[in-house]
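> The chain contents come next:
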Amino acid sequence: MRDFEYLEPTTIAEACALLKHYGGEARAYAGGAYLGIVMRQGLLAPKALVNIKKIDALKGIRHDVKDGLVIGALTTHRELETSKIAREKFPIFAHVEREVANIRVRNVGTIGGNLASGEPLTDLAQVFMALDARVAVVGPATSRLIPIEELFLDFYHTSLADDEILTHVIVPPLPPRSGIEYIRFSSSSVVDKPCVGVCVRATLSADNETCDELRISLGCVAPTPLRARKAEAILSGKDFSSELVEQASASAAQECSPTADLRGSERFKRGIVRVLVRRAAARAYERARQH
Amino acid sequence: MERRTNGRRLDYLAKVTGRATYLADMKLPGLCHGRILRSPYPHARIARIDASKALKIPGVVATLTREDIIDHPALDPYYGPVFKDQTIVAVEKVRHVGDPVAAVAALTPEAAEEALGAIEVEYEELPAITDVHEALKKNATLVHDCVKVPETGFADLAELRPVEGTNICTHFKLRRGDVEKGFAESDHVFEDTFTLPAAQHAFLEPHACIAQIDAGQRLTVWATTQNPFVVRTQLANIFKLPVARVRVVVPYLGGGYGGKVYPKVEPLAVALALKAGRPVRLVLSREEVFHTITKHAAVIRMKTGVKKDGTLVARECEVLLDTGAYAEIGPRVAKKSGYTAAGPYRIPNLKIDSMSIYTNKPPAGAFRGFGVSQSAWAHESQMDIIAHALKIDPVKLRLKNGYEENDTFVTGERLTSIGFKQCLTEAAKAIGWDDKPEPAKEKHIKRGKGIACLIKATITPSISSAVVKLNEDGSASVYAGTIEMGQGSETTLAEIAGRELEIPLERIQVLGVDTDVVPYDLTTSSSRSTFHMGKAVQLAAQDVKNQLKQIVVEDFGVPAEQIGFAQGKIRLPESMLDYKEVMQKRFGMPGGTLVGQGQVKTKTVDERGEKTTSAFWFVGAGAAEVEVDDETGKLKLLRYVTAVDVGKAISVLGCRQQLAGASITGMGQALFEELVYDNGQLINPNFIDYIIPSLGDTPPIEPIIVEVPHKEGPFGAKGIGETALIPVAPAIANAIFNAVGVRIKDLPIKAEKIFLALEEKRGDSR
Amino acid sequence: MKKQIRIRVNGLERELEVSMRATLLDTVRDQLGLTAAKLGCEMQVCGACTLLVDGKPVSACSYLAVDADGAEILTTEGLADGAKLHPLQEAFMETGALQCGYCTSGFLLTAKAMLDENPHPTEEYIREYLAGNFCRCGCYGEILQAVKKAAGL
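As they're listed, the protein sequences go chains A, B and C.
Using numbering that gives the first Met the number 0, the first residue of the first sequence is number 0, and each one after it goes up by one.
Using numbering that gives the first Met the number 0, the first residue of the second sequence is number 0, and each one after it goes up by one.
Using numbering that gives the first Met the number 0, the first residue of the third sequence is number 0, and each one after it goes up by one.
FYI, nobody ran anything at the bench for these hints, they're computed from the structure.
Heads up, some of the hints might be wrong.
[Claimed, not checked] Cβ-to-Cβ under 8 Å is the rule here; a few derived chain B residues that face chain A:
(1) GLU150
(2) PHE153
(3) ALA154
(4) GLN566
(5) THR612
(6) GLU630
(7) LEU670
(8) ASP688
(9) ILE690
(10) GLY695
(11) LYS749
(12) ALA750
(13) PHE754
(14) LEU755
(15) GLU759
[Stated by the list, open to error] Not the full set, but computed from the structure, chain A residues with beta-carbon under 8 Å of chain C:
(16) ASP2
(17) TYR5
(18) LEU6
(19) TYR21
(20) GLY31
(21) ARG97
(22) ILE102
(23) LEU144
(24) ILE145
(25) VAL189
(26) ALA281
(27) ARG282
(28) ARG286
We put the beta carbon where it would ideally sit given N, CA and C, even for glycine.
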């Protein structure tokens with residue numbers, strides 16, 4: 000690992016100023032789950048690490064009726080997994096986080112760091128996407144709120160500028176009669192990174208049959224997590240039927256653009272997307288009906 | 000003092016309190032940090048190499064390149080356990096990605112790291128041979144133009160030589176009966192090709208070494224090795240020293256599994272220490288370990304002729320083993336694959352060709368299972384293919400053809416002490432072979448059961464020697480060259496000495512391994528230590544007892560026939576004597592030592608003049624119950640049973656640990672372990688992308704200890720370290736076939752392979 | 000570049016000068032001579048380097064020492080209460096939950112953190128919590144048994 004400067008700002012403004020000062024040669028450090036690996040491998044060798052862990056404004060999880068769940072960027076995976084309020088409002092997070100990496104990574108890895116790294120083999124991003132989450136981003140002179148989909152540009156590449164910090168993830172309250180399911184598929188060991196991760200959220204209209212709003216988000220099958228919008232359109236506004244779900248699943252399998260890697264071929268990943276969308280949709284509908 | 004054992008393993012207290020010392024925990028005054036510059040190319044000629052700039056980096060003590068080892072009067076840079084095809088650092092060519100090219104020693108790891116970047120190397124790339132089929136093509140690029148064969152080597156490999164002008168490192172042939180006639184007499188002939196990839200030992204402790212040349216010009220090497228005496232011989236040959244001036248010390252090993260036999264980093268560490276004039280420490284990074292040693296990938300074509308009642312008649316088999324850039328111990332792996340290609344079955348007509356083949360990949364060597372996990376993958380998969388085609392129960396087919404006591408093995412020798420059928424029957428019983436698996440709730444989940452078995456040999460001839468010292472207080476010290484690498488040898492050897500002398504473990508110390516102190520032992524591998532070293536320790540303890548007896552005859556005037564041993568004492572007609580009292584009487588003071596010696600030397604001809612290629616035989620069986628998601632191909636192991644003939648258990652817990660542990664390694668290789676190369680470049684040299692089994696992947700395992708005592712083993716015991724690994728992959732593949740009707744012939748069986756096979760079976764081509 | 004840090008290790012105060020890039024693992028091993036935690040995979044996967052930082056298991060191979068400033072660290076050397084071993088240590092020995100011992104420190108500390116958080120875990124909970132530690136000798140069955148025993152299951 001190359002030597003670096005280590006800076007410990009206590010405010011967001013200070014942190015952004017430091018990042019700006021190094022003009023792309025500095026990296027925000029929030030725990031090291033990602034940087035710890037790429038710096039050791041020599042894939043990244045920043046001149047400075049800006050440790051943002053002392054910035055209180057980036058911490059904590061809160062919930063209110065208007066905004067929904069507001070997750071501070073420094074929230075660790077483990078904190079999200081065990082948070083009482085998150086469990087109450089969005090039990091899906093505990094379900095997803097249980098399977099993320101291992102307990103050590105979940106103890107140091109943060110939600111902000113996970114999203115800002117642009118890691119393509121991810122779980123959480125799909126769930127945030129299905130929930131229409133947005134991320135709050137602050138730079139030296141600006142602050143903006145962007146839909147999570149617009150955060151990801153390519154493999155390990157996000158729309159964050161070098162001097163911007165992702166401060167919060169905002170998950171709007173779920174409309175009534177909503178159900179969500181996430182299925183993580185690993186092609187080998189349970190501790191392997193996901194091969195495919197599929198999230199489906201269904202929100203039903205008052206008749207409890209028609210699908211008002213549907214989200215299908217896919218992970219690990221494109222350079223970034225993505226929404227299968229055509230598949231969503233097949234089901235939106237319609238009554239649930241296994242034929243339509245099958246059609247939507249087939250569409251989702253075609254909408255993604257997986258590349259062959261150690262975790263599977265393109266053909267296999269598309270096949271898995273198809274099965275998982277079908278299964279996740281069935282469960283999401285079932286849950287929506289119960290709500 | 001804290002109690003040491005309380006019936007527990009002797010190494011446990013140190014290990015659970017974090018006080019056990021492993022190599023990387025050691026420090027020496029003046030220690031330098033070594034780092035190795037490695038080849039980025041699979042095959043290239045080194046046009047120029049210049050390390051002069053590296054030497055100018057602050058903190059650098061020495062550099063090492065080919066200039067330092069060629070034409071050097073005091074060293075022979077060529078080495079290797081079978082052929083001398085390795086060099087300390089690359090001389091003319093690099094032959095695999097990760098081949099050592101140069102090295103530096105520096106005061107800090109950071110300086111060493113920086114210095115590596117300052118070494119200039121110009122390579123001329125050569126075409127790379129990246130698989131065995133390419134290697135065998137006519138006019139293929141040669142990995143080695145010429146291979147040096149040492150004058151003396153392993154007796155069992157004496158007939159094997161590289162085939163000149165080819166990439167064939169060795170070609171082992173086994174011929175028995177007449178296969179063509181056999182096929183003609185068969186009712187059915189089955190021909191299949193099975194493959195499996197290279198794998199990693201993945202011990203958590205990387206290879207490491209500290210080398211020091213002391214004031215008396217004696218070489219001391221602290222090494223992570225399973226065979227210190229072989230490393231000593233090799234270092235003595237390389238550095239032209241008498242073995243008496245080479246000392247190899249081995250602390251506890253953080254796992255070996257075959258990946259720490261024969262020299263690895265030691266020759267380079269010593270050369271660097273000599274150049275630096277001070278001690279050097281080399282600890283490989285995880286990625287470097289991936290480039291250091293692997294398990295052989297194999298392609299196995301197996302053709303078998305069978306009568307309609309299931310009687311095996313003939314087999315033709317070709318085993319192609321990818322041995323990588325250096326022979327290492329590949330020739331023996333290939334030979335063992337060949338021997339066992341017929342499996343634990345009587346097949347009268349055999350034509351077996353097993354080759355180790357050079358390629359431009361990291362060297363492949365010993366791996367728990369040693370060639371047999373390759374051949375058994377083929378023969379046990381094919382047994383089920385045959386059983387299915389002939390509509391014979393797979394267990395019955397195996398029992399029908401399986402070896403029994405005194406049957407003749409393929410080598411022509413008689414098999415004794417083999418509980419093969421007991422293992423098979425026990426495993427079948429425990430998995431509930433005759434009952435259909437309980438159906439799953441979800442209709443896409445299908446369940447099935449599968450079974451597989453094996454026979455394997457141990458290295459023969461070999462030598463183990465031990466010394467047991469009886470101290471003046473009646474306590475005993477055991478001197479043995481067996482490496483404690485997790486298998487519990489320290490406790491087993493103490494247990495054997497204790498049983499023989501009838502003294503408790505608390506009064507026995509097994510010494511650490513230092514070649515200056517302990518007598519010769521060939522190797523801690525081949526699952527040989529309990530049988531060989533255990534016996535040597537038993538003989539040494541008996542020697543001590545004989546000496547005690549002699550003293551009683553001489554000094555106490557009791558006739559020999561009236562002297563017995565009981566409860567750790569000497570029993571005379573009227574009284575009992577403590578060992579301590581006898582020692583006191585002999586030495587006239589509370590002092591003195593009795594030194595007992597024991598030696599086991601196995602031969603290739605037994606006392607009846609019959610040929611013997613193995614001092615004892617490993618037999619066992621494994622059975623799996625699995626469930627398969629027939630929409631995704633996802634497999635889940637529900638249960639695994641492993642039954643192994645242990646001879647006689649010295650420690651029941653130790654046996655269970657070996658059986659379950661080997662099974663888990665087998666599961667990794669069956670289901671996901673695979674070194675993936677792209678044009679000679681390893682693309683998964685880390686534990687993120689090369690996954691080994693975790694607790695979450697491991698099903699309940701039931702180890703079954705089958706005891707068929709071996710007459711030569713200590714208290715009837717024989718080795719068990721490797722047995723349970725071998726049948727895992729075929730047992731699982733057979734269970735998958737049983738569950739969903741698809742036959743996977745290529746390891747590892749990732750979900751994708753089942754998924755694609757199911758698609759094909761359904762005629763689905765979406 | 001170096002920095003002064005203050006940490007409490009196994010209950011004792013330590014003031015150390017560390018380089019920015021020094022990992023917590025190297026610092027504890029090299030400066031404090033506490034070598035129970037081992038370097039295994041270097042990538043937060045295998046768990047051999049596990050240490051408890053403020054009670055939570057982390058991969059010390061990737062944890063910056065400077066980031067540990069002010070923290071409470073527990074290593075396996077500090078697990079026993081004087082001569083009295085931790086119940087997990089006793090259970091590991093009794094059930095045979097180790098062979099080569101290289102992973103043992105990581106398993107013990109992870110299991111300790113788990114039991115501190117949740118003294119009455121289910122078998123499923125233990126399996127999930129410990130799934131991120133590798134034991135290549137394959138003692139998983141015995142480890143599970145040991146942890147269950149220590150948890151009174």
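> Now tell me if each hint is right for this structure.
The hints, checked one at a time:
1. Hint on GLU150 (chain B) is violated. Least Cβ distance to chain A is approximately 45 Å, over the 8 Å limit.
2. At its closest, the beta carbon of PHE153 (chain B) sits 37 Å from a beta carbon of chain A; the interface hint therefore is violated under the 8 Å criterion.
3. Below 8 Å, beta-carbon pairs count as interface contacts, and ALA154 (chain B) has none with chain A, the closest being about 42 Å; its hint is therefore violated.
4. With its C-beta approaching chain A no nearer than about 51 Å, GLN566 (chain B) sits outside the 8 Å limit, and its interface hint is violated.
5. Checking THR612 (chain B) against chain A: minimum C-beta separation of about 38 Å lies over 8 Å; hint violated.
6. The interface hint given for GLU630 (chain B) holds, since its Cβ lies 5 Å from the closest Cβ of chain A, which is under the 8 Å cut-off.
7. Taking 8 Å as the C-beta contact cut-off toward chain A, the hint placing LEU670 (chain B) at the interface holds, the least distance being around 6 Å.
8. The beta carbon of ASP688 (chain B) is positioned within 8 Å of a beta carbon in chain A (closest approach about 5 Å), and the interface hint is therefore held.
9. Because the beta carbon of ILE690 (chain B) sits about 4 Å from the nearest beta carbon in chain A, less than 8 Å, this interface hint is met.
10. The beta carbon of GLY695 (chain B) comes within 4 Å of a beta carbon in chain A, closer than 8 Å, and the hint placing it at the interface holds.
11. At about 5 Å, the closest approach between the beta carbon of LYS749 (chain B) and any beta carbon in chain A falls short of 8 Å, and the interface hint on this residue holds.
12. For ALA750 (chain B), the suggested interface contact is upheld, since its CB lies about 5 Å from the closest CB of chain A, less than 8 Å.
13. Annotation: PHE754 (chain B) was flagged as interfacial toward chain A, and the flag holds, the nearest CB pair being 6 Å apart, inside 8 Å.
14. The closest approach between the C-beta of LEU755 (chain B) and any C-beta of chain A is roughly 7 Å, which is under the 8 Å cut-off, so the hint is satisfied.
15. A distance limit of 8 Å between C-beta atoms decides the matter here; for GLU759 (chain B) the minimum to chain A is near 12 Å, and the interface restraint is violated.
16. The criterion of a C-beta within 8 Å of any C-beta in chain C is met by ASP2 (chain A), whose closest approach is roughly 6 Å, and the hint holds.
17. Annotation: interface hint on TYR5 (chain A) holds; nearest CB of chain C at approximately 4 Å, less than 8 Å.
18. The beta carbon of LEU6 (chain A) is not positioned within 8 Å of any beta carbon in chain C (closest approach about 10 Å), and the interface hint is therefore violated.
19. Look at TYR21 (chain A): its Cβ only gets to about 15 Å from chain C, farther than 8 Å, so that hint breaks.
20. Taking 8 Å as the C-beta cut-off, the interface hint given for GLY31 (chain A) holds, the closest approach to chain C being about 6 Å.
21. A cut of 8 Å between beta carbons decides the hint on ARG97 (chain A): the least distance to chain C is about 6 Å, and the hint holds.
22. Interface hint at ILE102 (chain A): satisfied, since its Cβ lies 5 Å from the closest Cβ of chain C, which is below the 8 Å cut-off.
23. Residue-level restraint check for LEU144 (chain A) is violated (minimum Cβ-Cβ distance to chain C is 30 Å; threshold 8 Å).
24. Evaluation of the ILE145 (chain A) hint against chain C yields a violated restraint, the C-beta minimum of about 29 Å exceeding 8 Å.
25. Restraint check, VAL189 (chain A) versus chain C: the minimum CB separation of about 6 Å is within 8 Å; hint holds.
26. Restraint check, ALA281 (chain A) versus chain C: the minimum CB separation of about 24 Å is more than 8 Å; hint violated.
27. Given the 8 Å rule on beta carbons, the hint for ARG282 (chain A) is violated: about 20 Å separates it from the nearest Cβ of chain C.
28. Because the closest C-beta pair between ARG286 (chain A) and chain C is about 22 Å apart, greater than 8 Å, the hint is violated.
Hints 1, 2, 3, 4, 5, 15, 18, 19, 23, 24, 26, 27, 28 from the earlier list are contradicted by this structure; the remaining hints agree with it.
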